[in-house]
Amino acid sequence: MRLFDPHIHMTSRTTDDYEAMYAAGVRAVVEPAFWLGQPRTSPSSFYDYFDSLLGWEPFRAAQYGIAHHCTIALNPKEANDPRCTPVLDQLPRYLVKDNVVAVGEIGYDSMTPAEDTALSAQLQMAADAELPALVHTPHRDKLAGLHRTIDVVRESALPLDRVLLDHLNETTVKDAKDAGCWLGFSVYPDTKMDEDRMVAILRSYGPEKVLVNSAADWGRSDPLKTRKVADAMLKAGFDDDMVDLVMWRNPVAFYELSGRLHLEVEGTDATHEGNSILRGGE
Amino acid sequence: MTRTPALGALRARLESALDDDARAWLAQALATAAAQPAPSEAPAPQVTASQAPAPTWELRFAQAGRRCGPEHADDARLLLLGAARADTATLTRLYEQGTAAERRAVLHALTHLVPGPEALGLTEDALRTNDTSLVAAAVGPYGAEHLDAHAWRHAVLKCLFTGVSVDAVAALADRARGDGELARMLGDYARERTAAGRPVPGDLQRVLALTEARTEARTEARTDALTESPTEQPAEDPTEQPAEAASAASPQES
Chain A
1 MRLFDPHIHM TSRTTDDYEA MYAAGVRAVV EPAFWLGQPR TSPSSFYDYF DSLLGWEPFR
61 AAQYGIAHHC TIALNPKEAN DPRCTPVLDQ LPRYLVKDNV VAVGEIGYDS MTPAEDTALS
121 AQLQMAADAE LPALVHTPHR DKLAGLHRTI DVVRESALPL DRVLLDHLNE TTVKDAKDAG
181 CWLGFSVYPD TKMDEDRMVA ILRSYGPEKV LVNSAADWGR SDPLKTRKVA DAMLKAGFDD
241 DMVDLVMWRN PVAFYELSGR LHLEVEGTDA THEGNSILRG GE
Chain B
1 MTRTPALGAL RARLESALDD DARAWLAQAL ATAAAQPAPS EAPAPQVTAS QAPAPTWELR
61 FAQAGRRCGP EHADDARLLL LGAARADTAT LTRLYEQGTA AERRAVLHAL THLVPGPEAL
121 GLTEDALRTN DTSLVAAAVG PYGAEHLDAH AWRHAVLKCL FTGVSVDAVA ALADRARGDG
181 ELARMLGDYA RERTAAGRPV PGDLQRVLAL TEARTEARTE ARTDALTESP TEQPAEDPTE
241 QPAEAASAAS PQES
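Chains as they are written, first to last, in the working numbering: chain A, 1 to 282; chain B, 1 to 254.
Among the hints, a few may not be true.
To give a feel for the contact side, a few chain A residues facing chain B, derived at Cβ under 7 Å [unchecked claim]: (1) F59; (2) D244; (3) H262.
Here are the in silico distance ranges between beta carbons for each label pair [to be verified]: (4) A/M242 with B/D21: 12 to 22 Å; (5) B/D20 with A/P159: 40 to 50 Å; (6) A/P92 with B/S16: 47 to 57 Å; (7) B/E192 with A/G37: 33 to 43 Å; (8) A/S42 with B/E212: 44 to 54 Å; (9) B/A27 with A/H147: 46 to 56 Å.
Here are some of the chain A residues that sit facing chain B, going by a computed Cβ distance under 7 Å [claimed, not checked]: (10) G55; (11) V96; (12) K97; (13) D98; (14) R249; (15) L261.
It should be emphasised that the hints constitute simulated quantities derived from the structure, not laboratory data. Where is the CB? At the ideal position from N, CA and C, for every residue including glycine.
Given these sequences and hints, build the entire structure.
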């Protein structure tokens with residue numbers, strides 16, 4: 001079974017996680033730029049983070065046979081902090097990089113005017129850079145946030161079919177699907193979706209344009225949720241091809257809209273088997 | 001620019017490996033880079049670097065992986081840097097704003113584009129990382145020429161620690177020869193490994209043997225892309241470069 005986790009924050013995870021993910025079948029991940037749990041106070045913190053997503057993290061992933069790409073953006077939460085908004089001016093130079101496969105995570109957190117500005121600006125940047133966009137839907141006031149998000153995308157230069165709306169659930173999936181967007185579901189231990197509800201949604205709405213992710217990060221989360229959903233699908237009677245469509249071909253198809261997806265992992269021969277994240281003599 | 005013939009040979013080799021689309025893209029990108037005024041000839045920028053749009057050739061530098069394939073991107077980027085006659089300020093900016101792959105290309109370019117030690121900070125930065133591809137690039141010919149004895153010894157040791165083959169270390173035999181301090185460090189490291197019940201890296205014994213070598217003629221084979229195919233560089237004896245690097249080696253070594 002091959003698995004693609006289209007949304008996972010590996011910066012916050014350990015090498016044990018990479019090892020377990022590989023053993024579970026994960027061969028590719030996309031890491032969206034997001035906030036770190038602790039607010040940043042200057043643009044430079046973002047640049048170091050972006051550079052890590054374009055350097056160190058793909059290197060770590062490659063040690064475990066996993067292809068790593070990223071999405072780059074100013075996240076909606078920190079778009080509200082004037083100390084952070086200068087990041088918007090520097091984003092275009094990151095969006096040309098080879099490993100950047102979308103603009104994201106963008107979207108709404110508290111639906112403020114500052115978030116409106118950042119969302120519109122970054123949708124335009126995605127169109128300019130010929131990238132799709134990963135758009136987070138808010139945790140609070142979710143359905144209203146979804147409608148507002150779709151309205152803003154409609155007014156932007158980016159077509160709806162180049163947008164992945166993420167963190168969907170039973171209350172938001174229909175409108176997102178009717179809008180023609182790609183449909184992302186985050187499966188969590190306690191919040192967001194769980195495996196059985198995910199299977200029920202696949203039964204009701206079909207597998208087309210559906211992506212399932214763990215969104216694992218620094219909080220309570222599980223980087224093996226993609227495998228657990230795949231197992232739940234098989235148990236519920238979906239066949240191997242349907243699992244492969246949802247867990248591999250759909251994320252590949254979405255991120256291939258960038259023209260930059262490269263799924264062969266290179267440079268693992270000397271340092272595979274997990275013994276290579278050495279300390280370099282420190 | 002001291003070794004442009006090597007870049008010429010590299011271009012011929014790369015073009016033969018690329019498909020038609022990538023070859024055409026590369027030709028266009030190199031022409032764009034070559035058409036740039038050299039940094040020393042360019043007018044002083046009227047806006048700060050963060051406001052100015054990146055020159056087109058720098059966009060091509062970023063795109064090389066998806067246009068030529070990741071396996072050819074290092075070579076394509078190296079050629080672009082050469083065609084643009086990138087100076088130390090440009091190389092530094094591209095390194096600082098670069099992905100790991102872009103940084104690697106800048107490190108490879110230093111020996112071709114920077115005659116003195118002024119870009120050594122980039123090599124030192126790479127040696128502080130734990131990305132083995134950056135470490136390997138940092139111990140290439142530019143590092144061999146300009147790293148002082150202490151930093152060079154630590155770079156060799158870091159290769160052993162992180163599993164980078166010492167084949168990546170340019171001018172290894174010449175710099176290691178007679179280096180008693182390196183021999184001591186290697187011996188201590190071997191004892192530490194043995195005390196822990198862990199195997200001693202095979203490369204350690206190899207370098208240790210080189211520290212004892214006394215013959216002038218011995219030259220360590222190098223594996224960097226510019227010399228691995230001597231048949232395509234008839235005018236340039238690939239065994240010459242380590243000696244050349246050694247002759248310019250830091251005075252601390254002699």
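Evaluation of the provided hints:
1. Hint on A/F59 holds. Least Cβ distance to chain B is approximately 5 Å, under the 7 Å limit.
2. Here the hint on A/D244 is broken, as its CB sits about 25 Å from the closest CB of chain B, past 7 Å.
3. With its C-beta approaching chain B no nearer than about 6 Å, A/H262 sits inside the 7 Å limit, and its interface hint holds.
4. Separated by about 35 Å at the C-beta atoms, A/M242 and B/D21 break the suggested range of 12 to 22 Å.
5. A hinted range of 40 to 50 Å is violated for the C-beta pair B/D20 and A/P159, which are about 31 Å apart.
6. The hinted window of 47 to 57 Å between A/P92 and B/S16 is violated, with their beta carbons roughly 35 Å apart.
7. The beta-carbon spacing between B/E192 and A/G37, approximately 38 Å, falls within the hinted interval of 33 to 43 Å.
8. Checked against the hint of 44 to 54 Å, the pair A/S42 and B/E212 passes, with Cβ atoms roughly 52 Å apart.
9. Hint check: B/A27 to A/H147, Cβ distance near 49 Å, so the stated range 46 to 56 Å holds.
10. A least Cβ separation of about 4 Å between A/G55 and chain B falls short of the 7 Å threshold, and the interface hint therefore holds.
11. Interface hint at A/V96: satisfied, since its Cβ lies 4 Å from the closest Cβ of chain B, which is below the 7 Å cut-off.
12. Hint status for A/K97 relative to chain B: holds, with the closest Cβ pair at about 5 Å, below 7 Å.
13. The beta carbon of A/D98 is positioned within 7 Å of a beta carbon in chain B (closest approach about 4 Å), and the interface hint is therefore held.
14. Restraint check, A/R249 versus chain B: the minimum CB separation of about 21 Å is more than 7 Å; hint violated.
15. Interface hint at A/L261: violated, since its Cβ lies 9 Å from the closest Cβ of chain B, which is beyond the 7 Å cut-off.
In summary, the numbered hints that this structure violates are 2, 4, 5, 6, 14, 15.
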